[in-house]
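Residues per chain are reported as follows:
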Amino acid sequence: MMDLSTTYLGFPLANPFVCSSSPLAQDRSQLRRMEDAGMAAVVLQSLFEEQIEQEALELHHALDHHAESYHEALSYFPDMKEYNLGPDGYLKYIEEAKQAVAMPIIGSLNGHTPGGWVRYARLMQQAGADALELNVYDIPSDPQVSGEAVESRVIDLVQAVRAEITLPLAVKLSPFYTAPAHLIQRLKQAGAQAVVLFNRFYQPDFDIDHLHVNHQLKLSHSDELLTRLHWVALLFGRVEIDLAVTGGVHTARDVLKCMMAGANVVMMASALIRHGVDHVSQLIEEILQWMFDHEYESIRQMQGSLSFRRAADPSVFERCNYMKLLRDAMQHRLM
Amino acid sequence: MSTSYLTLDGNEATARVAYACSEVIAIYPITPSSSMGELADQWAAEHQPNLWGAVPKVVEMQSEGGAAGAVHGALQGGSLSTTFTASQGLLLMIPNMYKIAGELTPTVFHIAARSIAAQGLSIFGDHQDVMACRQTGWAMLCSSSVQEAADMALIAHAATLSSRIPFLHFFDGFRTSHEIARITPPTTDQIRAMIDDRLIHEHRTRALSPEHPFIRGTAQNPDVYFQARESVNPFYRACPHVVQQTMDQYAQSTGRSYHLFDYYGDPEADRVIVMMGASCGTVEETIDALRPQGEKVGLVKVRLYRPFDLTALSRALPDSVRSVAVLDKTKEPGAIGEPLYLDVLAALHETGRSSIRVIGGRYGLSSKEFTPAMAKAVFDHLKQAWPKNHFTIGIHDDVTHTSLDFDPAFSTEGERTVRAVFFGLGSDGTVSANKNSIKIIGEETDLHAQGYFVYDSKKAGSMTISHLRFGPEPIKSSYLISQANFVACHQFLFLERMDVLGLAMPGATFLLNSPFGPNEVWDQLPLKVQQQILDKRLKFYVIDALKVATSQGMRGRINTIMQTCFFALSQVLPREEAIEQIKKMIAKTYGKRGQAVVEKNWAAVDETLQHLHEVKVPLEANSRHDLRPAVSDQAPEFVRRVTSLMMAGLGDELPVSALPCDGTWPSATTQWEKRNIAAEIPVWDPSICIQCGKCVLVCPHAVIRGKLYDPQLLATAPADFQHAASRWPDRKELAYTLQVAPEDCTGCRLCVEACPVKNKSEPRLKAINMADVSPIRSQEIINWDYFLTLPEAPRTALRTDSVKDVQLLRPLFEFSGACAGCGETPYLKMLSQLFGDRAIIANATGCSSIYGGNLPTTPWAVDEHGRGPAWSNSLFEDNAEFGLGIRLAIDQQQAYARLLLSQLEGSLGDDSTLIHELLEGQPATEEERQVYREKVQRLKQLLQSKDSPRHRDLLAVADTLLPRSVWIVGGDGWAYDIGFGGLDHVLNSGANVNLLVLDTEVYSNTGGQMSKATPRGAVAKFAAGGKPNPKKDLGLLAMAQGQVYVARVAFGANDVHTLQAFREAESYPGPSLILAYSPCIAHGYDLAKQLDQAKAAVHSGYWPLFRFDPRRHEQGLSALQLDCRPPSLPLKKFLYNETRYLVLAHSEPEAADRLLHEAERDVMRRWHMYEQLANGAPFQHAAATPSGGARS
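As given, the protein sequences belong to chains A and B, one line each in that order.
Each residue of the first sequence is one higher than the last, beginning at 20 in my numbering.
Each residue of the second sequence is one higher than the last, beginning at 45 in my numbering.
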């Protein structure tokens, strides 16, 4: 029997499949189905501090805005005993998820204030999450904020959370940092055990007929994997930190590539939304078949094999290769 | 419910006792009693137990009549049952009250006593409603304060069981009902001790049961009815004694002692006032002020008004009394005197004290102020040798000269009482903050506290005035503050609209929320305000509270900020302690709404004091502007003489002679009001506007209008007057202007949302965009005035099926006081544009009767010929019948006119064809109506010169020959619930009437209580757990009648369809029913988004659009046409935009989920049924022509 096992955040996993933070993870029956299909761990959908605040303030506004204005109607809604605003629903779900499945449950958090990151991380730990993924979803659009400040903010929050909780920590990053390798090195020093590469931004599209800017989340595709492969391959063995790939993992071959680049795990959502969570079992079958055909014994055997440090031609990952590509292209056009 | 001090209002004080003592509670909303039912429903939803550990069953009925019937049934079934009501609601209960009393059944009805609709409706307080019940055989127990409301409620519940007489427990609506005071409510143990289980068991043994059957409610004949009616006498004779015993028992338990009649004042008094209700406290305060001056005066407070114990009254009156003034808070036109007066007169006569001179007077109708000055005037009047009997006090009656003079300067306000008045905007949270302040002071200090709140009758931009008193002495003052030592104005704009500082006493503190800092604010104040600050030597402080609130993400809610300033300046508490208490109260009030809400408010409190500044007041007033005049000098004489005073809040000064004697008021008066409530108004960009008219159609307040006109007229236009070339293909030679009424706009932004055009270079801009009103107001006023002078488009030239053309029809419903963004008023405006010059409107009580007819003004307007909708409101429950009556009257007079015409043919001289043409004419189009109107005019001219009785008769009814469009308008509470029986009957009558149901799916006007139009899963008052049952399908019921035109419309989803339905309904020669989707603030979302939400309602199948036109049968078509596509949007995507659904998803997610799934099934089931009906319908059988049944 071939060995698909790997480790992530200190957890031994039967295979490298992790369900990425997505709506799929917020449904208990889906959790059970994905575990039955072979999923090794799951990251819950992110708890957004800003959203919690916003929901509370919006509801407060809606309930109070017209109250005490007009003598026949001093309010327009019954005063409910409780409103369950705040993180309670999310925390309860962590508990339910822990009861529903045996695989590690990784909570995901997007904070808005330094206090919020720490408070909600602590609450997730208390609720029973096995690990925590800090989803640093931040678009630094302010021209006054430097790259250094942006990076320091990430480091500070990881340090703050690390100081408060004992759970393993992963940090989910975007691809748009000036010096990702350096940042990841600092994250490790700050207490992160893993980085998840890369966050997918909701990229607005233009509707030129109606002069609209649409914001919609499109499902990923395998082409997006290349950026991830590139960076995992560059980082593997150079920063001692677990690497998870998310964004663009769709096929068995995608998974194998991630492993060869040096990832500990792959995180999937779009493929599962498209094909259903049972799809994992088919991918596992295909991986086993490929390994059998190519006479691999274990995932460990291939992990990092095509990384910068181990690849036959590491220059392909760096700038010299870029120059070569340009040259080749020019020659091709001239011909 | 076992605490010592609580600060609460009279309604809550009462409801707590009633809830504890009841098993079945039947409710129906009516102001000012609604909150008692709401609280009972809320407590039941929270599973709070009654005295016996069970949760009372709280059931909302379809009317107060229904509630009384349900209570009657519950009592006959052996339960303890209660209800809460007022005014017309109580009148609807009277038939059952006779039955309940006749059957000697113990129960208590709690009444927030209110005026009765006579010459006009009033929601305010007096005793007219309870006095209309004094003959029903019920005991009547009156509370005079919030404390007494709790005490008497319990005494009533205990005494009804002992006496078997049912009790009306009442207190003054819109004083005691809404006054917040610190009281000591009876504890649960005290309540328990007062209710005797043995008596409950006896009540149960008298209940209907097949185990020991009997019949009750027989029909009795002359042989026995009389004797049987007299058989109850022993119970009534015993009742006063039972009540006194109960009061004594209560006194032992609580230390609060009451008597059937309580005396207060000089034991040797020669002059005494007898009265009941909240003003007793004011008279006591007056007596306390007069006695030290040697005045021998006293007060008899009536507690038990029925059964009237004359000996107890006589005992209460000192022997020294020479004269008595009985004050009635009611009016019985034509009676010898008001009821309490007559009762006292008879009582003194029967007890041998006829030598006491008794006079009667009326006071306080509709919450008219009754002050110590007025009480003193009554005592003074009693000194006269021949005092005026049947007097009035508090008004100036210059018609029948009943009124007594009084000296408004007389005041009894104590020096140790802090009196604070706050002027706020409804939406800024002022009242909420003040209610919290009272709680802090009342429950956390030794001080007594009282709060009373005066609200606006306008729903948009409404002003609130809070009156707060605090002090070491018990507070008896049941009147508004006139000498405040603290005045806070929470909105800078109020300073130019009204006399804010008129209430400030010399040396008072004045706190102003101001966008201008301490160094700039003086120059911005109106001259009068500057002068008052100087004359009264006020200490003046400013804070930019909006800035602080905005910095904390609290939008316009400045409540906690201003509250912090109040505590800091008033020093009712040490500053640090006050801030700690404010924060505690914030956590208590908002804690369950999330930490973020609490923290934002805390942060605002922390931020406040560094922004609070004292203003160094200059030595002289130098402002170049002053308070704005209430109305323009262009207004009609009546508006200037009468309406303007009411607008300025000075209506109390109007004498009787100024007011119409029969409730008739002029139309078209909102145009003079100029409320200036919008901070931003829409500004037109003519360069990109396509002149589609959508903004004009959706505007709820008719403040944005389009006109097409001859461009030569622009020669005299103001320099900044905007215009563009016409974009009507057939009228390209004309000019077009879209103009906003800057002083009437509410700033709701609906027009901007409706605008389909985007600026190509900057798509965030449209053809109209919101802009700060301040820099453009003056110019836009000039532009608007000029716009009004441009000629109206001739109606005959317009296509009324086109939104683009309809914008050119002058709205005859304008500038209403409805909420900003109201979803009802665009329909009424459309109605007025299409049919206004020939419409008569019967309007059910509710939102539409308030913004349509709440004085001082009405939005129903007139056109350039002086014609416009004639409007009237009868009641809530009878509107369909009322409208039918109007139709019958018109038809009858028209038939008579036609009869006279045919009889008078040939008698009108040369114009021989005129009568023939009038008899034959059936004008259907705008042109035909115009021609016909000219003929009627000609007829009237001819008749003027004739003098026979028949000619004079014809002249009197000639106008009824003109087409009349009768509209019966109301909300869903009327149509689905209280008025449904009448509506159903009128739909079946075949009469040519149009019923427009403005369906907000709740009782909007009384605060969002559930109606049968409320959909499944929506949270509403009386449905705190989400309505478990689906919305009644009124459209389907109407279709089932066969010969009714029915349409379901939503202007936000499809404006052309709405226009079409209105036109078809009006043209249909029988009854027509339009169900109009009406977004409302009770839905809980930003109404500027209502157009998108209406589209979502249609796309999700929540509100399918259809028309059912029986005329289609004649063409062999199905009557029903579905005018939208099958549901394509998940219902959830529509529902969860609205707080009424979302709140349940938060509070009870599992229930919300279940109800959502059921609601989804409702939607699909209904859609499939409609589809089947539209495709070959069972309903065709009811009205099918021989060739009917074809598929549409």
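Please note: incorrect hints may appear among the correct ones.
[To be verified] Computed from the model, here is a short list of chain A residues facing chain B with C-beta under 7 Å:
1. 79
2. 84
3. 85
4. 95
5. 101
6. 105
7. 107
[Claimed, not checked] Here are the computed lysine-lysine pairs in the DSS-like style, where the Cα-Cα straight-line distance is at most 30 Å:
8. 580(B) - 412(B)
9. 237(A) - 1076(B)
10. 1176(B) - 111(A)
11. 591(B) - 627(B)
12. 100(A) - 628(B)
13. 1076(B) - 100(A)
14. 100(A) - 718(B)
15. 1133(B) - 100(A)
16. 237(A) - 1139(B)
17. 632(B) - 111(A)
18. 802(B) - 848(B)
19. 1177(B) - 111(A)
20. 1177(B) - 100(A)
21. 1056(B) - 100(A)
22. 1133(B) - 117(A)
23. 572(B) - 427(B)
24. 111(A) - 636(B)
25. 1133(B) - 237(A)
26. 117(A) - 580(B)
What the hints contain is simulated information worked out from the structure, not anything from laboratory work.
Cβ coordinates follow ideal geometry from the N, Cα and C atoms, glycine included.
Evaluation of the provided hints:
Because the beta carbon of residue 79(A) sits about 5 Å from the nearest beta carbon in chain B, less than 7 Å, this interface hint is met. Taking 7 Å as the C-beta cut-off, the interface hint given for residue 84(A) holds, the closest approach to chain B being about 6 Å. For residue 85(A), the interface hint holds, since its Cβ comes within 7 Å of a Cβ in chain B; the closest pair sits about 5 Å apart. This hint holds: residue 95(A) has a C-beta 4 Å from the nearest C-beta of chain B, less than the 7 Å allowed.
Of the supplied interface hints, the one on residue 101(A) holds, with its beta-carbon coming within about 5 Å of a beta-carbon of chain B, less than 7 Å. At a threshold of 7 Å, the smallest CB-CB gap from residue 105(A) to chain B is about 5 Å, leaving the interface hint in force. A least Cβ separation of about 10 Å between residue 107(A) and chain B goes past the 7 Å threshold, and the interface hint is therefore violated. With a C-alpha separation of about 28 Å, the suggested pairing of residue 580(B) with residue 412(B) holds against the 30 Å cut-off.
Of the supplied pair hints, the one linking residue 237(A) and residue 1076(B) is violated, its CA atoms being roughly 41 Å apart against a limit of 30 Å. The suggested pairing of residue 1176(B) with residue 111(A) holds, with an alpha-carbon distance near 23 Å, which does not exceed 30 Å. Taking the CA atoms of residue 591(B) and residue 627(B), the gap is about 20 Å. The hint holds against a cut of 30 Å. Among the hinted pairs, residue 100(A) with residue 628(B) is consistent with the structure: their alpha-carbon atoms are about 19 Å apart, no more than 30 Å.
With a CA separation close to 28 Å, the supplied pair residue 1076(B) and residue 100(A) stays within the 30 Å bound. The straight-line distance between the Cα atoms of residue 100(A) and residue 718(B) is roughly 42 Å, outside the 30 Å bound, and the hint therefore fails. The straight-line distance between the Cα atoms of residue 1133(B) and residue 100(A) is roughly 29 Å, inside the 30 Å bound, and the hint therefore holds. Simply put, residue 237(A) and residue 1139(B) have alpha-carbon atoms about 25 Å apart, close enough for the 30 Å limit, and the pair holds.
In summary, the hint linking residue 632(B) to residue 111(A) is supported, as the alpha carbons are separated by about 24 Å, within the 30 Å threshold. Note on residue 802(B) and residue 848(B): the hinted pairing holds, with a Cα-Cα distance of about 18 Å set against a maximum of 30 Å. Distance hint between residue 1177(B) and residue 111(A) is fulfilled; the C-alpha atoms sit about 24 Å from each other, no more than 30 Å. The hinted pair formed by residue 1177(B) and residue 100(A) meets the criterion: a straight-line CA distance of about 25 Å does not exceed 30 Å.
Pair hint residue 1056(B) plus residue 100(A) holds up; C-alpha atoms about 24 Å apart against a cutoff of 30 Å. Among the hinted pairs, residue 1133(B) with residue 117(A) is inconsistent with the structure: their alpha-carbon atoms are about 41 Å apart, more than 30 Å. Pair hint residue 572(B) plus residue 427(B) does not hold up; C-alpha atoms about 41 Å apart against a cutoff of 30 Å. Under the criterion of a C-alpha separation no larger than 30 Å, the hint pairing residue 111(A) with residue 636(B) is consistent with the structure, at around 17 Å.
For the suggested pair residue 1133(B) and residue 237(A), the alpha carbons sit about 26 Å apart, so the restraint of at most 30 Å is met. Using a Cα cut-off of 30 Å, the hinted pair residue 117(A) and residue 580(B) is violated, with the two alpha carbons roughly 70 Å apart.
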